[in-house]
Every structure is written in C-alpha cells, then in structure tokens.
Amino acid sequence: MWRWLHPYAKGEATYRLLGHWLPWLAISAALSLLVGIVWGLAFAPPDYQQGDSYRIIYIHVPAAIFSMGAYTGMAITALIALVWQIRTAEWAIAAIAPVGAVLTAVSLFTGAVWGKPMWGTWWEWDARLTSQLILLFLYLGVLALYYAFDDKRTGAKAAGILALVGVVNVPIIHYSVYWWNTLHQGATITKFEKPSMATSMLIPLLICLLGFALFTAAMICWRLRHEILRQELHRPWVQQELIGQEKLN
Amino acid sequence: MIPRRKKRLVWVLVLITGVALSAGLILTALNENIDLFYTPSELVEGKGKDLRKPEVGQRLRLGGMVVEGSVRRDPETLEVSFRVTDIGPEVTVNYTGILPDLFREGQGIVAQGVLIEPTVLQATEVLAKHDEEYLPPEIAEAMKGIKHVDPNSAEAFPRSSEAEQDSANDSEGGY
Numbered sequence: 001m002w003r004w005l006h007p008y009a010k011g012e013a014t015y016r017l018l019g020h021w022l023p024w025l026a027i028s029a030a031l032s033l034l035v036g037i038v039w040g041l042a043f044a045p046p047d048y049q050q051g052d053s054y055r056i057i058y059i060h061v062p063a064a065i066f067s068m069g070a071y072t073g074m075a076i077t078a079l080i081a082l083v084w085q086i087r088t089a090e091w092a093i094a095a096i097a098p099v100g101a102v103l104t105a106v107s108l109f110t111g112a113v114w115g116k117p118m119w120g121t122w123w124e125w126d127a128r129l130t131s132q133l134i135l136l137f138l139y140l141g142v143l144a145l146y147y148a149f150d151d152k153r154t155g156a157k158a159a160g161i162l163a164l165v166g167v168v169n170v171p172i173i174h175y176s177v178y179w180w181n182t183l184h185q186g187a188t189i190t191k192f193e194k195p196s197m198a199t200s201m202l203i204p205l206l207i208c209l210l211g212f213a214l215f216t217a218a219m220i221c222w223r224l225r226h227e228i229l230r231q232e233l234h235r236p237w238v239q240q241e242l243i244g245q246e247k248l249n
Numbered sequence: 001m002i003p004r005r006k007k008r009l010v011w012v013l014v015l016i017t018g019v020a021l022s023a024g025l026i027l028t029a030l031n032e033n034i035d036l037f038y039t040p041s042e043l044v045e046g047k048g049k050d051l052r053k054p055e056v057g058q059r060l061r062l063g064g065m066v067v068e069g070s071v072r073r074d075p076e077t078l079e080v081s082f083r084v085t086d087i088g089p090e091v092t093v094n095y096t097g098i099l100p101d102l103f104r105e106g107q108g109i110v111a112q113g114v115l116i117e118p119t120v121l122q123a124t125e126v127l128a129k130h131d132e133e134y135l136p137p138e139i140a141e142a143m144k145g146i147k148h149v150d151p152n153s154a155e156a157f158p159r160s161s162e163a164e165q166d167s168a169n170d171s172e173g174g175y
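Line by line, the protein sequences are chains A and B.
So for the first sequence, the UniProt record's numbering puts the first residue at 1; every next one is plus one.
So for the second sequence, the UniProt record's numbering puts the first residue at 1; every next one is plus one.
Treat the hints loosely; a few may be bogus.
Okay, derived cross-link-like pairs now, DSSO-like style, lysine-lysine, Cα gap no bigger than 27 Å in a straight line [what the hints assert, rightly or not]:
1) K152(A) with K10(A)
2) K10(A) with K157(A)
3) K247(A) with K10(A)
4) K6(B) with K10(A)
5) K7(B) with K152(A)
6) K7(B) with K157(A)
7) K152(A) with K6(B)
8) K7(B) with K10(A)
9) K157(A) with K6(B)
Just so you have them, the derived chain A footprint on chain B, three or more residues with Cβ under 8 Å [said to hold, decoys possible]:
10) 5 to 18
11) 34 to 42
12) 85 to 96
Hints are computed from structural coordinates only; laboratory data are not their basis.
No experiment lies behind these values; they were computed from the predicted model shown.
Every residue gets a Cβ at the ideal spot worked out from N, C-alpha and C, and that includes glycine.
Kindly produce the complete structure, drawing on both the sequences and the hints.
Given below as structure tokens:
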C-alpha cells in the first residue's frame, strides 16, 4: 500500500491524478446538485409543522455535514504532513481550509435564515450554534497561520498543529444536541436509528448530500492543483505544463 | 517505521489526547452552564447534584412544552400567558409581544425572562423549538393524529383559546 502511495508525495503525480478525477467529480456534482436541489425545493412535500420553510434543510444540512467532513479530512492531511512531512499533504491543508470555511459559513447563514421564522431568532448562544461558530474560527485560524510565515513550511506546520488540535471540536458539534439542552433540534439523519424523516423528503436530501460531497471533493481537487502549481512554479514540469496550455489556447 | 517519524507520531497523538482530555474536563466542569435553559422540573425541584434552585428575580431561560389549553390571551393587548411543562411540574409564563410562527399548544418553547415568583416567569422573549421529525402533513396526520395547522393561517391563533379546538383542523388549507 505504501509503495502505491509513494509517487503522490511528488507534486506532479498528484497534479495529474487530480486532473483525471476533476472532470468526473465536477460533472457528477453538478448533476446531483441540480437533481437534489430542484427535487427538494420544488417537488418534495411540505412539512407538517414548518410548511415550506423547512426546505432550506436541503442546503443547510449538507453544508453543515461536509463542513465537519472537510475538517476531519484536513486534520488527517495535517497528521500526514506533520508525521511523514509530505509536502502535498501540507498543501492539501491550504486547499481544504477555504472550502470548509465557506461550507461552515453557509451552514451558519442558512441556519440563521431558517431560525428567524421558525424559532423566532437569528442566533442563540446554544451549544450547537456556538460550537459550529468555533469551527469557522478554526478554519480561519488555520488559513491565517498557513499564510502568516515567510517560510512556507513553518506556516504549514503551525497550521497543521491547529488543524489537528481543533479536530476535538468535531465530535463536540455532533453530540452538542445530546449532551446539553439546546434550541437546535437533535439529529434527523446522522444517527444509527432510522432517519426521522419521511422517505419522500429523505431521498432528495440524500441526493443533495451526495452532490455536496462531490462538489466539496471537486473544489478541493481544483484548489490543490492550483496550490501544487503555485508551490512548484520553478520546476521544469510546471513550466512545460503552462507552456503546453498556452499553445492549446 | 523510521524512529524519527515514530517520535513525531507519538508527539502528535499525545497532543491530541491532551487537548481532548482537557476539553472533556472543561466541558464536564461547565456542564450545567452550557445548557441553554432550565426545564420546569429543574426550576421547581432544583438542578444538578446539589439541586440548586434559581432565585426569584433571577434572569433565566425556561424550556418545555406548552400545556394544552393553557394559552390565555388578552383580547385588547398582546399580553399572553401560558403554562409550560416537561414531565412533572408546570411553570406559568407571562409574555407581551408577538409569538413565533411555530408557537402553539403542545409545542416546545424556550422563554427568556425574569422569575417573578417561584413558578412564574415574566418573559421578554419566547422562541419556538421544533423536533427532528420531518413528515408531510398527510403522513403526520395518519401516524400521529396531529392535525396540521398552517402557522400563517388565522385559525392557528384564535384570539381566545376557547374557539380554537374545533376550527383548527383544516389540514389542507395552507397549500
């Protein structure tokens, strides 16, 4: 297994591998997002309590789940970067952090917009909302540290340590609604029992989840490719690559 | 594994375990304070191991279910009063203002305000809580016997609580 992974410690091999994945990820993400969101917003039945307002769940829940998923992924790449000191893993931290930060911001924003009509408030300092806000600050902190040093590797190391330490917050976000009493509801689908949602509403939500997963993966691939090019700009293969693209245009 | 890497891996694992442990200790120590609200039972019988009761005059949040048939509205003003319960005792909440769309009898709510008597809360803010179940109106009616009321329709909130039980059953009205 290690022998299979070794070539991807080199920027060029990873760049080409991601280049093969990117179009497939992008197309399937666009398709499933289109189907899932149109189905969820226009064709799923209204909720018995919340009427049509609940439909924001089709954006809110996938964004929130993959804000935590992206963070877990970033923590794993940080572990690899710190222990094995593989440079592509360091760059992956910088590729994942902005994507995760945007997903977190989207989940907070859609949550506020949903909370105002349903709960009666944009924001309440309950455990779930607060821990999700901390996740946003962790992402921003990782980004700030990554770019704060003149020496890129020092920055990556500092960002990696914060990314790893912050992973403690991910289970806290998930279990906050069980450990404490909160205004936020408990889990509808991310639990071991049967989802507390009618099938006709659940299927579009699952498609949206798939779409957000693919979209997140595609964005990370795209950003990591750019980061590799940026970091290895002085290498001959990058120059050849760029000259080749110029000729094509 | 190369000893250098092994050492780094051990350091990283020690770091994560340490942070997780201290976060766990902090959250356990703060446990009661992270709760957003008192439940009516906690308000009446006391909260935590030493059963501390909130004092009259204290600002707090109270969370529970609105007792069926307990909502009393003043026909002239926005004043409303209702009782909130969880499994045992009931606490009365007085409030002046507009209630959230989801507010209705049997609904979970969180009220913030000042405790003016041991079991009476003068609320400054009332928020509606909803659970994690999402069902189309027809299924909810079949499964749980809950008649759907469009929160925006006038029937959801008759001005006096006597009139509401019979006229609020129009499940298709809002759509």
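Results for each hint:
Between K152(A) and K10(A) the alpha-carbon distance is near 17 Å, which keeps this suggested pair within the 27 Å criterion. Between K10(A) and K157(A) the CA atoms are separated by roughly 18 Å; this keeps the pair inside 27 Å, and the hint holds. Between K247(A) and K10(A) the alpha-carbon distance is near 25 Å, which keeps this suggested pair within the 27 Å criterion. As the CA atoms of K6(B) and K10(A) are separated by approximately 22 Å, the hinted pair is consistent with the 27 Å bound.
Only pairs whose Cα atoms come within 27 Å are accepted, and K7(B) paired with K152(A) is accepted, the gap being roughly 23 Å. The suggested pairing of K7(B) with K157(A) holds, with an alpha-carbon distance near 16 Å, which does not exceed 27 Å. At roughly 24 Å between alpha-carbon atoms, K152(A) and K6(B) fall within 27 Å of each other, so this suggested pair holds. With a CA separation close to 24 Å, the supplied pair K7(B) and K10(A) stays within the 27 Å bound.
Restraint check for K157(A) and K6(B): the C-alpha separation of about 17 Å stays at or below 27 Å, so the hint holds. Requiring three or more residues with a Cβ within less than 8 Å of a Cβ of chain A, the coverage given for the stretch 5 to 18 of chain B holds, as 6 such residues are present. Proximity of the stretch 34 to 42 of chain B to chain A, defined as three or more residues with a beta carbon under 8 Å from a beta carbon of that chain, is established by the 5 residues found. Counting residues of the stretch 85 to 96 of chain B whose beta carbon lies closer than 8 Å to any beta carbon of chain A gives 0, which falls short of the minimum of three for the stated coverage.
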